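From first to last, the protein sequence lines stand for chains A, B, C and D. Read in order, the letters of the first sequence correspond to residues 89 to 307 in the numbering used here. Read in order, the letters of the second sequence correspond to residues 89 to 307 in the numbering used here. Read in order, the letters of the third sequence correspond to residues 79 to 309 in the numbering used here. Read in order, the letters of the fourth sequence correspond to residues 79 to 309 in the numbering used here.
Don't read these hints as lab results, they were simulated from the structure. The structure presented is a predicted model; accordingly, all values stated were derived computationally and were not measured. Misleading hints may appear alongside valid ones.
Mimicking EDC-like on lysine to aspartate or glutamate, the simulated pairs with C-alpha atoms at most 16 Å apart in a straight line are [what the hints assert, rightly or not]: (1) C/Lys106 with C/Asp187; (2) A/Lys248 with A/Glu291; (3) A/Lys179 with D/Asp211; (4) C/Lys227 with C/Glu96; (5) B/Lys133 with B/Glu184; (6) A/Lys248 with D/Asp154; (7) A/Lys133 with A/Asp175; (8) A/Lys305 with A/Asp125; (9) B/Lys154 with B/Glu182; (10) A/Lys273 with C/Asp154; (11) A/Lys273 with A/Glu291; (12) A/Lys177 with D/Asp154; (13) B/Lys273 with D/Asp211; (14) B/Lys248 with C/Asp154; (15) B/Lys305 with B/Glu155; (16) B/Lys248 with A/Glu291; (17) A/Lys160 with A/Asp175; (18) A/Lys160 with A/Asp105; (19) B/Lys305 with B/Glu281; (20) B/Lys177 with C/Asp211; (21) D/Lys106 with D/Asp130; (22) A/Lys248 with B/Asp170; (23) C/Lys160 with B/Asp170; (24) B/Lys154 with B/Asp125; (25) B/Lys273 with B/Glu291; (26) B/Lys179 with C/Asp104; (27) D/Lys160 with A/Glu155.
Anything over 12 Å on all C-beta distances counts as not near chain A; from chain D, calculated [unchecked claim]: (28) Pro91; (29) Asp95; (30) Ala102; (31) Asp104; (32) Ile105; (33) Ser109; (34) Asp187; (35) Asp221; (36) Asp228; (37) Leu269; (38) Gly274; (39) Gln276; (40) Glu287.
Positions of the beta carbon are idealized from the N, C-alpha and C atoms, including for glycine.
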Amino acid sequence: MLNFMDTVEEAVAGIQDGSTVMIGGFGNAGQPFELIDALMDCGAKELTVVNNNAGQGDQGLALLIKEGRVRKMICSFPRQSDSWHFDAKYKAGEIELELVPQGNLAERIRAAGAGIGGFFTPTGYGTILAEGKETRIIDGRGQVFETPIHADVALIKALKADGKGNLVYRKTARNFGPIMAAAAKHTVVQVSEIVPVGGLDPENVVTPGIYVNSIVKVA
Amino acid sequence: MLNFMDTVEEAVAGIQDGSTVMIGGFGNAGQPFELIDALMDCGAKELTVVNNNAGQGDQGLALLIKEGRVRKMICSFPRQSDSWHFDAKYKAGEIELELVPQGNLAERIRAAGAGIGGFFTPTGYGTILAEGKETRIIDGRGQVFETPIHADVALIKALKADGKGNLVYRKTARNFGPIMAAAAKHTVVQVSEIVPVGGLDPENVVTPGIYVNSIVKVA
Amino acid sequence: MTVETSLQTAEKPLGRDELARLVARDIKPGSFVNLGIGQPTLVSNYLQPEQDITLHTENGMLGMGPEATGDQIDGDLINAGKIPVTELPGASYFHHADSFAMMRGGHLDICVLGAFQVSAAGDLANWHTGAPDAIPAVGGAMDLATGAKDVFVMMTLLTREGASKLVDTCTYPLTGVGCVTRVYTDMAVFLTGPNGVQVRETFGCTFEELQALVPVPLMPVAPEAAPAVEP
Amino acid sequence: MTVETSLQTAEKPLGRDELARLVARDIKPGSFVNLGIGQPTLVSNYLQPEQDITLHTENGMLGMGPEATGDQIDGDLINAGKIPVTELPGASYFHHADSFAMMRGGHLDICVLGAFQVSAAGDLANWHTGAPDAIPAVGGAMDLATGAKDVFVMMTLLTREGASKLVDTCTYPLTGVGCVTRVYTDMAVFLTGPNGVQVRETFGCTFEELQALVPVPLMPVAPEAAPAVEP
Chain A
89 MLNFMDTVEE AVAGIQDGST VMIGGFGNAG QPFELIDALM DCGAKELTVV
139 NNNAGQGDQG LALLIKEGRV RKMICSFPRQ SDSWHFDAKY KAGEIELELV
189 PQGNLAERIR AAGAGIGGFF TPTGYGTILA EGKETRIIDG RGQVFETPIH
239 ADVALIKALK ADGKGNLVYR KTARNFGPIM AAAAKHTVVQ VSEIVPVGGL
289 DPENVVTPGI YVNSIVKVA
Chain B
89 MLNFMDTVEE AVAGIQDGST VMIGGFGNAG QPFELIDALM DCGAKELTVV
139 NNNAGQGDQG LALLIKEGRV RKMICSFPRQ SDSWHFDAKY KAGEIELELV
189 PQGNLAERIR AAGAGIGGFF TPTGYGTILA EGKETRIIDG RGQVFETPIH
239 ADVALIKALK ADGKGNLVYR KTARNFGPIM AAAAKHTVVQ VSEIVPVGGL
289 DPENVVTPGI YVNSIVKVA
Chain C
79 MTVETSLQTA EKPLGRDELA RLVARDIKPG SFVNLGIGQP TLVSNYLQPE
129 QDITLHTENG MLGMGPEATG DQIDGDLINA GKIPVTELPG ASYFHHADSF
179 AMMRGGHLDI CVLGAFQVSA AGDLANWHTG APDAIPAVGG AMDLATGAKD
229 VFVMMTLLTR EGASKLVDTC TYPLTGVGCV TRVYTDMAVF LTGPNGVQVR
279 ETFGCTFEEL QALVPVPLMP VAPEAAPAVE P
Chain D
79 MTVETSLQTA EKPLGRDELA RLVARDIKPG SFVNLGIGQP TLVSNYLQPE
129 QDITLHTENG MLGMGPEATG DQIDGDLINA GKIPVTELPG ASYFHHADSF
179 AMMRGGHLDI CVLGAFQVSA AGDLANWHTG APDAIPAVGG AMDLATGAKD
229 VFVMMTLLTR EGASKLVDTC TYPLTGVGCV TRVYTDMAVF LTGPNGVQVR
279 ETFGCTFEEL QALVPVPLMP VAPEAAPAVE P
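All chains, please: the whole structure from these sequences, using the hints.
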């Protein structure tokens, strides 16, 4: 069911303690900053967060981590020059890390949305990230069994939504948005513009409205 | 390497006896009729053909089957009111059939293009189409192991190509084109229009040119 | 067995269009729905604009409109039955893998399918008669049966020979296991699931007459599962 | 061992830019290429328009142009290193799963990566020092190493301490197994593969001097593997 919300606070109101929350974005591109701030304000804790990184600087996801609201990060690249809040929590043993190669992260999120129970991939075979995982040789190549990553909620950013919840993105800000929208039970989208039904060309819709639950316009 | 061909004959010239050929289209929408005719004329035989159906009436794929050029069909729905050439060959034991649920067909083609070694899906579990296949229970659901379908050549139809081989399609004629283009070693596309590089909006490209090898304009 | 008051009845069996109207009425507003080829397609005739139902067709479209006529006919715009259709405002197109991912990933609220047989446990048989000389063809049936949140079946209750199509165990090859949640027939609406088969409504027969025709134990519907809207 | 005539040499070790120029020259016209973060990014400075190389960035783009400057800078258009870049005519955008499918499905001709170590068998170690207190971070390195048709490594041959980074067996945690096909270093270009390590060119050293530095058996390049173009 699709709802248009007036505020980011309303849009994230359903997020509960212990939820798995996917957050879109790669670097600043496609990051739903305002929704992350609202998640901060809503007080939910014990979160599992799925994002490519583990927060940067002193804002957004980094702040959630600093405040001890994130129990576990599932990400591909937590260590950055300005990921000090994650670094500190990790070294203190106060946050769990599931490190996933970026392509496996994307494919596992995609698998969740597509109803795939698991898949074999050559990525990571023979490395420490495959330790403890099922492997098999397929067509002469070692492959690792990877499982879908589902989420309770996805927080993503798009450029425009129409009245049916169809979305289009902008340039490399598209990144994780379309696959996270499909992998979460409840998808919240912040957009720059809402257009009427019929305002997006059906050929160019990237995320069909079926994957979208709440939309909020952020100025 | 991308080539623009003057004729459909040139475009299919590399198809050899014993090749696996994916043919796009669902019903008439997206069927590359002219490329199929050229495949007929080029004489290649012992083909394995991947298509949703197994030919209709007395044209295109049905004719290839009638002439005994197809050793094996991989498809989801061979039996139609006008699939008499396939029906006759099948009943005579002169053609092999691998029947695949349509969603497994699409996902297996996608898996080939995406480098996935195989995946588990609930579709078909507990049915005769899962007989002999590996199964397991994942999250309480029975699932079947399915393998990628690769091809030597894909013959598909798109609306427009630009000078880099980027493609856009039209309405439900998009169907199998994008995933077959990625699953084949060599992809041949017939288009209605060729536009210069820069003539397609990068946000709206459906098949990036990396998946395209030969393009021929069909009037 | 005493029939509880929550069991609704009609005076005579329903025709195909009445049944389609009933299914259409039961679809919750805002739902995303796939209507199978054949009888289920009739449901689209009875969906009301205020229900705001979005139709999916597995060949790559959300927001499918009515069948195309005259100048509307466009060979590039067809449904899963290969019939020309129209596009509604707010539609979107996608390729086959994305379209089936939508279905298989559990995003469609309801799919409505025809059937040869449905078992008490909700097993569905609708793709293959099992005849030794039959050419098998499955299409998207298994994906639809397995992927939608709710699978509604529309069928006549009895075969031409008078045998019940609601059975203890399917004798035809299965399409999906335990997937059917409701069975709409000309004589009754059944709810199937782990708790056995409940009868929600009968048409032209009493509960006892229905039970005499059907070789699986029936229960009247639990009151909370009764339809919210009067037929 | 006698050095065959096909082995090319230069008078002194190559600088980073000279090495980038050499890699750029070796990329076949029409190729689709992913350049890793750091030193490999320099290669883009030496690609010639007539080579018609298309650059992929795994965060969702083909047809990436040079780094953006001034008014070109757009927060929505960045590369995998999160640096603002530009868009070339004929570009396309796609989401992360499609972008990694492109890489993992073997569609990229070449990816160029940095490395801590490469083994004689082409194993790559470039993501993790293995230090017990290090916070691990892998990004797309394993996908790039495993997915591209050819994986070229660019690195200095020796560590600051003078140890060869071309090794018999990697001591750092692996990124990928048997994936590297060429190693471009300041002192030599190596071809790695099932037939052992071949030396294509040396820079500022003889084959014998090189062999003395590297703890794996080296062979001069087979004539057919020599570069087609004079450096």
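Of the hints given before, which are not true for this structure? The structure breaks hints 4, 7, 10, 11, 12, 13, 15, 22, 25, 26, 27 and 35; every other hint is satisfied.
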